[in-house]
Amino acid sequence: MAEVKTTEEYDGTNWSGGGTATSVGGEFAGLAGSQTDAFAVGGYVGAYHGNSESYNGTSWSSEAAFPSSLNQHAGSAIASGQADYMIAGSTGDNTDKNGIYSYGGTAWTAENNLPADRYVGCANGTTGDFLMSQGQNSSRQADSVLMSIGGSPETGPSVSSGRYSPTNSVACSGSANGVVFGGGTGSANSAGTNQIQEFD
Amino acid sequence: MANQIEKLNLIALTSIAKLNGLTDAQMEKVNGLEFTGLSVASSYSVASATLSTARSRSAGFGVSRDASAVAGGNNTSSVKLATTEEYNSGSIGSGGNLTTARFGLTGCGSQTAGLILGGTA
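As you go down the protein sequences, you meet chains L and P in turn. Those letters in the first sequence? Residues 42 to 241, per our numbering, in order. Those letters in the second sequence? Residues 1069 to 1189, per our numbering, in order.
Hints are computed from structural coordinates only; laboratory data are not their basis. Keep in mind that a hint or two might mislead.
[Said to hold, decoys possible] Here's a subset of chain P near chain L, in silico, CB distances under 8 Å, partners left out:
id : residue
1  : R1133
2  : T1180
3  : G1186
4  : T1188
Think of the CB as a built atom: it goes at the ideal place given N, C-alpha and C, for glycine as much as any other residue.
Isolated chain P (complex conformation) (with noise of 0.2 Å):
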């Protein structure tokens, strides 16, 4: 199942309390479309894995916390990084370098199809 609306005549999900008095986990479908409700932040944690190197100023990329990466960036001694590390489902893996080493970066797209901007090089 996925949501297939994200806006009810121009209002964002988010800022409406009830439809109909109904609230989202009432509701199924709006209008024949398929509504799963909503999963907003409501808490943090930190994950068991951690980087293979400590940095900053890196890019993060992926649509999904299961399979997601970060590139380039500083290490603790303000070297700038040109290694990609991949995180998927908890685990973290090395991924392939830069080409160009670079800080201050930034980056979309998926794991398997991601873009990164700029930087510092």
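One chain only, chain L, in its complex shape (with noise of 0.2 Å):
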């Protein structure tokens, strides 16, 4: 096995092969946008790196670099690909675990931080009414955090159990409204479950 940086695009029916990115990819990058405006940032491809792409529908372009190696971290955005953009928790280097940043379409902003660590949790939402939710700090964590640009960190809702690795919430117009599908109950993934979560 070994890490990837290729894509597939789905019609509602069929997967079929997308354009291959150039250096994001891998486990756990961040991606946001859609089909024809996608941003993507980090990921691990045999060492973990900060470099960020965006894509049109056919090939990927270079975007400013994060300010650091990311991974793990949980990512979301909607308006456009990579005008719009925030990304919250663990970095690669395990030195910014806590770190929330966003990106506006040419620089990287460091935001206020979550109030704890975590990693391989899940967010959806817009820079302006952001959600990070469960992942793993020493435990799995079952909180969430409400954030936007400029904004303090607030408590969201509380899942009944944190899951470690679910998928982002995908409902992205907003924190509310959102939905997680999967996750483990272990710090691993032999543990995943069929379990659907919904924010409102």
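Need the complex rebuilt from these two chains, each delivered in its own frame; the hints are there to steer you.
Shown next as structure tokens:
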């Protein structure tokens, strides 16, 4: 097995190959936007890195690099792929597990920190209404944090049992109306669940 | 109705408690732009539907909870998956298979125009 930087595109019925990224991808990269206007950052491909790229539906182009390497963070955006992106949580060098950063299309901005470290969590929303939940610290986390650009993190709803590496929540128009699929009940993939979680 | 604004003077709406003394529930428009108010996540629940395959390290995508999907990941035997499951208004159904099974991937886009990137194949 090996980490890959390939993409696949879905039309509601079938998957087909898309453009291959130059550096982003591998495990736990961040990705947001649409099939023809997407933004990606980080991921483990033999090593952690902070490179970012945008995708136009055919090919990938370099964007401003994240200040450090990234791994197992959670990110989300909606308005347009690379112009409205926010990530939170662990970075690859393990020195910044509580950071929140936004990307406005040209540069990264450090926002106020999460109240506590976490990684392999999930997130949804926009840079104006962002929710990060679950994931792992010394144990699985059940709480969530609401955040916006320039704002102070606030406590969001807690789940009954936090998951290890669930999907990112997919309803990205805001923090509400989100859905999260699966995720582990332990600290490894072998304890994956079939649960579907909803945030309102 | 839909919000036509996301920020005021570069400040996120969720960071503004009142505007000219009015809460968001008391406003319908701001400078002529439609404003439906904010709906920040405040509660959590477990759906009655469940995935056909328990999984982690998979990719979710979709722009609405009523039309979303999950693809790839690991099952409980650590086998990498190619399957896709679609979630529509509380019910789950099968979608197409990825051309390459993978875990640790990430996703975005809509249920009918989705995109996944990376992972371990």
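Going down the list of hints, with the structure as the test:
no.	hint	in the structure
1	R1133	holds (4 Å)
2	T1180	holds (4 Å)
3	G1186	holds (3 Å)
4	T1188	holds (5 Å)
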